[in-house]
Amino acid sequence: MYMTMKEYQPHDRDSDLAGVSPEFIDSLRSLIDSERDASMMSMPTERIVRAVRRSTGRSWSNGDNLSLELMSWFRPVFVAGMLLIFAMAAYNFRMSRTNEFAQSTTEMVLGLHPVTVAAAYDPTIEDH
Amino acid sequence: MHLVKDVSREELTFNNQSSDQTLIDGTVGGNENAFRILVDRFMDEVSRTVTGMLGAIPEVDDVVQEVFIKLHQSLHSFRGDASLKTFIVRMAINKSLDALRRMKRRRRMQPWTTIENVELAAATRSDENLDTKEDSQILRQAIDSLPEKQRSVIILRLVEDMSTEETARVLDIPYGTVLSRLKRGVERLKMELGDATVLR
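Those protein sequences? They're chains H and U, same order as listed. First residue of the first sequence: 275, per my numbering; consecutive thereafter. First residue of the second sequence: 21, per my numbering; consecutive thereafter.
Excised from the complex, chain H in its bound form (with noise of 0.2 angstroms):
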C-alpha cells in the first residue's frame, strides 16, 4: 500500500551520523514502515478527500454556488420588472400631458390625479 524506505546508503553529507550504522537505520525505518502499516486504515487519500469536503470546501462552495445560482435565477427576472416599470412610468408621463391640469413631473410619472386645495376638500369623494 505505501512505499517502504529505499536501503539506507550513506552519503557525503552524512559527517554528523558517524557512530550510527546503516543497519541500525535500516532497522529504524523498517520498524516505523511496519508501524505505520498497522496504524493507517485503507484508502487514505480518499478519506482524507472527503474530510476536507466535509470541514472545508462543500460548506463554502455549496454556499457560494447557491448564491451565485439565485442571482443567476433573479438576475432575467429584475431586468424584465425594471423595464415593466419604465414603461409605465413612461407611459403615465405621456397620458397625462395631455390632461388640461397642471400636473408636477411626479404625479405624471405615477399616473396620479392633481391634488389640490379644493380637491382635499371636496366632498364628493366618487369624482376620485
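You can trust all of the hints, since none of them are fake.
In the DMTMM-like style, the derived pairs of lysine to aspartate or glutamate whose C-alpha atoms are separated by at most 20 angstroms in a straight line are:
id, chain 1, residue 1, chain 2, residue 2
1, U, 153, H, 300
2, U, 210, H, 290
3, U, 169, U, 207
4, U, 153, H, 297
5, U, 169, H, 290
Honestly, the hints are just simulated from the structure, not real lab data. None of these values were measured; they are calculated from a predicted model.
Using the hints provided, position chain U relative to the given structure of chain H.
Relative to the frame of chain H, chain U by itself:
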C-alpha cells in the same frame, strides 16, 4: 461570472507530473483532483513522520488526516519561502506534538489507556517472529524514551533521510541545534538499547 470561472478551473487537468505550485494553485482554486494528487504525493512522508513520532497507535490515522485538512486550510497562505515538503513535514511534526500532549493529558486522567496502547502495539506485530518482535518493541521503547525535541530530529534525519539543513528548516531551529540534538538523541538510543541485537 464566478460560475464560468469555476468551471474553467475544473476543466484544467492535473496529473502526477504537475508541479507542486500548479497543484497548490489548483487546490486553492477549488479543484479537488489537484488536492488529491498533493495528498498522494506527500502521504508517505507525513504518515512515516507521524508514526515515527507516535508509534503504532490508532491516533496515527487521525493525525495524518488532521495534517492534510490543516494543509488544505493553509495553502492559500503558502508563500513558497520554503519547499512544500518542508511546509507539510513541519505540520506533521507540530500535529504529532499536539497529539503527544493530548495523550499525556489523557493518561494523567485515565492511567489505564497506556496499557491499552501497549497491548495494541504488541498485537499489531503478532505475525512477526519472536526475535524481531522483541527487537521492534525494544527499539520502539527506546524511541519513545527520547524527549520530543530529540525524537523529531532523529525521525527527520534518520528515517526521512533529510539533510541537517532541511531538518533545521523544518523544525525552525539553528543548524548547530540539529547537530547537538542528533548527537544526544543517538547517545540516548544507544544507552536505552544496550546490547539489543538491533544495534549490532
